[in-house]
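Asker: Spelled out from the first residue to the last, the chains are:
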Amino acid sequence: MIMSGTESEWLTCRELIELVTEYFEGAMAPGDRLRFEEHVAVCPPCRAHLRQMRETIRLLGELTEENIPPRARDELLGAFRDWKRT
Amino acid sequence: MLREAISGSNSPFVLAYPADRRVVEALRAGDEEAFTSLVTELYSPLLRVAMIYVGNRAVAEEVVQETWVGVLRGLDRFEGRSSLKTWIFRILTNTAKTRAEREGRTVPFSALAGETEEGEAAVDPERFLGADHAAWPGHWATYPASWAEIPEQRLLSSEVRAVIEEAVEALPASQRTVIRLRDIEGFNSEEVCGILDLSEGNQRVLLHRARSKVRRALEAYLAVEEEA
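Chains as they are written, first to last, in numbering that gives the first Met the number 0: chain A, 0 to 85; chain B, 0 to 227.
Honestly, I wouldn't trust all of these hints.
Think about it this way: if two alpha-carbon atoms lie no more than 20 Å apart in a straight line, the pair counts; the simulated SDA-like pairs of lysine to any residue are [what the hints assert, rightly or not]:
id	chain 1	residue 1	chain 2	residue 2
1	A	K83	B	A33
2	B	K84	B	G73
3	A	K83	B	G73
4	B	K96	B	E65
5	A	K83	B	D75
6	B	K84	A	R72
7	B	K84	A	E64
8	B	K212	B	A144
9	B	K212	A	L15
10	B	K212	A	L62
Between beta-carbon pairs, the in silico distance windows are [unchecked claim]:
id	chain 1	residue 1	chain 2	residue 2	range
11	B	R101	A	N66	24 to 30 Å
12	B	A15	A	G30	29 to 35 Å
13	B	N187	A	T63	19 to 25 Å
14	A	T85	B	A147	57 to 63 Å
15	A	G60	B	S145	16 to 22 Å
Hints were generated in silico from the structure; no laboratory data involved. Note that CB positions come from ideal geometry on N, CA and C, so glycine has one too.
Whole structure, please, built from the sequences with the hints as guidance.
Answerer: This is the structure:
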């Protein structure tokens, strides 16, 4: 039957949330990607979840990286100068 | 022209990563600004990766310094078969492993890969209807909230930052390292796989688990706040 065929391919929300990173990374096979997008198109809570994931990634990007302590940098610059001379 | 002649004669440069060529030539020519900018850019990620092996902040800092000495020692022989970054991280990894062995620590690379094995749901399974639900099996039972109305100022506040930092720190080492390199330091997937010697698939699983846990922590924090 046509109906059961399509239903067996339908992703559940619970399955979809495990594929979000694969989707963001562009690592899905075209057919899987299509199923993912078809689901998201008709499922508001999954869209909200996707937005939360995007927002999480964006906010992670706002965290500051650690800066090199000036002493360590100067030490390395000294080593670089010595290296250059040899 | 002179510079090209020098690098051309000293070391054949494979053009797998053409963008590195300019940096390598500047370093070989003794360009201090190029060196300082590379050292500054890579400090934080190098330190993070060193920490996996030596587990101690002060020792990790020493490993980073030693790594640069190794980089300078090997620079004339660098052929560009891997990217410059990958090559530098390989020196770091070797330096850190040697150091860890000397201090009698077991080197955790198998552990790092093994951590992907256990199953962990990205979202609490309780949030979904059961597989036996008549109409909506596996559908959301409690919907995720929209964060759209939360002011940007709030999202970027030091409290929210602290929640994210804490969630990242609480992750297993492998997930923590991958999410730091990818989402905080901005390395791409290929670079992270090369640095940590992970397959694309393993890296993605670690990243997914890590991001999912940070999202959960944010969701819990922002929900409590909304009620207040």
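Asker: Take the C-alpha atoms of K84 of chain B and E64 of chain A, compute the straight-line distance between them, and say whether it is at most 20 Å.
Answerer: 17 Å, holds
Asker: For a C-alpha distance cap of 20 Å, please report whether K84 of chain B and G73 of chain B respect it.
Answerer: 14 Å, holds
Asker: Quickly compare the C-alpha distance for K84 of chain B and R72 of chain A to 20 Å and report which way the hint goes.
Answerer: It holds: about 18 Å lies between the C-alpha atoms, which stays within 20 Å.
Asker: Given a hint of 24 to 30 Å, does the C-beta separation of R101 of chain B and N66 of chain A actually sit inside it?
Answerer: Given range 24 to 30 Å: holds, Cβ gap about 28 Å.
Asker: Do the alpha carbons of K212 of chain B and A144 of chain B lie within 20 Å of each other, as the hint requires?
Answerer: Roughly 16 Å between the alpha carbons, so the hint for K212 of chain B and A144 of chain B holds.
Asker: Given a hinted range of 29 to 35 Å, is it respected by the beta-carbon distance of A15 of chain B and G30 of chain A?
Answerer: Since the Cβ atoms of A15 of chain B and G30 of chain A sit about 33 Å apart, the hinted range of 29 to 35 Å holds.
Asker: Given a hint of 16 to 22 Å, does the C-beta separation of G60 of chain A and S145 of chain B actually sit inside it?
Answerer: 21 Å, holds
Asker: Between T85 of chain A and A147 of chain B, is the Cβ distance one that fits in 57 to 63 Å?
Answerer: At roughly 59 Å between Cβ atoms, A147 of chain B and T85 of chain A fall inside 57 to 63 Å, so the hint holds.
Asker: Can you confirm whether the C-alpha distance between K83 of chain A and A33 of chain B stays at or below 20 Å?
Answerer: 13 Å, holds
Asker: Need the status of pair K83 of chain A, D75 of chain B: alpha-carbon distance at most 20 Å?
Answerer: 11 Å, holds
Asker: Given the proposed pairing of K212 of chain B with L15 of chain A, does the C-alpha separation stay at or below 20 Å?
Answerer: Measuring from Cα to Cα gives roughly 16 Å; hence the hint holds.
Asker: Below or equal to 20 Å on CA atoms is what counts here, so check K83 of chain A against G73 of chain B.
Answerer: 13 Å, holds
The structure shown violates none of the earlier numbered hints.
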